[in-house]
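There are 2 protein chains.
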Amino acid sequence: MQPPDPLEEWESPPFEPTVRGGLVYARGAADNKGNHFAALKAAEHWFRAGRPPVNLRYLIEGEEEISGVSLPRYIRANAERLATDYVLVWDGGFASDGVPSLTSALRGIVYTEIHATGAGTDLHSGGFGGAAPNPLNTLARILGELKDRDGHITVPGFYDGVIPPTEEEKAGWPRGPEYEATVKKIMQSDVFEGEAEYELAERLGARPTLDVNGFLGGFTEEGSKTVIARQAMAKVSMRLVPGQDPARIFDTFAEYVSELSTPGVKVEVRDLGSAPPVVCGIDHPAARAAADAFEKAFNKRAQPRRMGGSIPVAIDFQEALGAPMVISGLGQPGSGAHSPHECFSLDHFHRGIEMLVHFMDGLRTG
Amino acid sequence: MQPPDPLEEWESPPFEPTVRGGLVYARGAADNKGNHFAALKAAEHWFRAGRPPVNLRYLIEGEEEISGVSLPRYIRANAERLATDYVLVWDGGFASDGVPSLTSALRGIVYTEIHATGAGTDLHSGGFGGAAPNPLNTLARILGELKDRDGHITVPGFYDGVIPPTEEEKAGWPRGPEYEATVKKIMQSDVFEGEAEYELAERLGARPTLDVNGFLGGFTEEGSKTVIARQAMAKVSMRLVPGQDPARIFDTFAEYVSELSTPGVKVEVRDLGSAPPVVCGIDHPAARAAADAFEKAFNKRAQPRRMGGSIPVAIDFQEALGAPMVISGLGQPGSGAHSPHECFSLDHFHRGIEMLVHFMDGLRTG
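Line order of the protein sequences matches chains A and B. Residue numbering for the first sequence follows our numbering, starting at 6 and increasing by one per position. Residue numbering for the second sequence follows our numbering, starting at 6 and increasing by one per position.
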């Protein structure tokens, strides 16, 4: 779970769940306690009625937001004991209002930190400007050159091997003015950026990305200081899609970044962590059971999609257990995971219990 | 005077002057108490011998480093009372070891702050990367595009009107391996950056510059956070040379920066302050008297130069009093003004008193 900051932006205390307009507001309500609790209630239903139609094993962990290693280690160490027919990764939510979603693939990630160093000491921009290497100018130039104006990433070979979604896969994807309006509302932006030749859902889930997540250098207090700082840093992450290998991407990226430097500025690229992209598909019995169960509970066919985020543990399930995987969840669009407006729909919660009851039954017959 | 931070880098306490190897180490020793004290001792010499050969008026202020307005206001309000034949701005020092310098011009400055804003809220880079406007990527791109790889500034019309130094002016400028080695040693860098077609002294004093002095945005703590931040900022200053007007440069710069933005990122450029470039020349009686006095005390002809820094009050002296101006000082190269190694040469101090005694005499006969 993420910390509740900034506290002053919460309308009600983050750890006192409060219902407003059919939504429970609380840190962790959507990401991920609402999902978990519905899953427990669905099991409870079956136990009260006798026993569940299939064997169930729940793995609930609290380390995801700090890149915890316990669950992956546990899964890999106990693969034999955990052997199963299907895995449900119950994380995520609806991409459009009222329409459940089923994830066919997750993006991977490479997260890097770049350190640029110029002279051996901070310098006065009056005395040395014009000849002193400026690591801030250079680092900005490097970051600016990593994408062109149309959002294409310039790292050599970056797109090599990318497996695009099939036309069949794309057919069911959310699109149209309503979907775009929903995304704009969540983003609080009137404009989308990036590769105009790809539709929105593809850009958000099936195209690799490159984003600067942070940068810091020199004098950043109020007012002016005429300093040429000796060092600067930036954090840059790339989302990867099926067909891209994190290790290869990191190496190419690090080499390219160094090449983009200017005389007198040394550049060091650090690897802060990575996760490979995951393909789980939605054309297997468990996915079909989930789609049927969603339809019964929400009166809507589930929308297939590729999810833009990463769920690092998914690759551990896939590699250690080898069972078909369903990745889905109950959060409504705009549930505000990680934000001071996090909330979870009570309607989704109740229908979600129903969906899970049907799902368990479907797995027996499927 | 600048604050003494970082304290831990001082070998002796910054406010307990300590002599090591013929140098007095203390905050403010070189910038500017050494100069001031030598000037007082020179006056004392003349008063002990009877009276100074010319009338003297000392204006010593402590606001320069905080862009104080008191001295400029005082000068302009009392121009008539302050009427004088010559002005000595006793700030600065030697450009090369053992060789005094006389400043023919000072660079001006325009100091700006750029704020870039994307979406209305911080976003998750997994869920929105690929379509969310990223103000960090955009601001980096803007900063990177302000100069080309050879150090030429790309702001339209930026160099219009620049008055280059004459061949005669450049003839006496410091150059050669020894001078370059001195500058490299002070900079603690083996490489010079910038316009290779101009010699070092010209780049450091007579060419306009553009430097990013600071930037900040997004997540900058330890580790990784996959955020697309909603805003970022940078501080950018430009040093101007004779022929460039700060107001015109600011307007063109602000417009150009806005044009360089990408869809969805709003850019605001603020003016944090400016000072026009100043030309004082070294071909007037006071400058010649200073050169003669330096030669007598240091056994070296003073090197003419243009100074890369700005002394904002110089323009007030020039405009309010209209008297020929001498800009020079006693600090040795590497005196470390503003740094935790600030020191002032005792040899320069003693010879400096002698120089000033001669200078006062020279003003009488000159």
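Errors might be hidden in some of the hints.
Identical copies look the same in the list; a pair holds intra-copy or inter-copy alike.
What the hints assert, rightly or not - Simulated crosslink set (DSSO-like; lysine-lysine; CA at most 27 Å straight-line): (1) Lys46 / Lys190; (2) Lys189 / Lys175; (3) Lys46 / Lys175; (4) Lys38 / Lys175; (5) Lys46 / Lys230; (6) Lys305 / Lys271; (7) Lys271 / Lys230; (8) Lys271 / Lys38; (9) Lys38 / Lys230; (10) Lys190 / Lys271.
The set of hints was computed from the structure by calculation and includes no laboratory data.
**OP:** Identify every previously stated hint that the structure contradicts and give their numbers, smallest first.
**Re:** The structure breaks hints 1, 3, 4, 5, 6 and 8; every other hint is satisfied.
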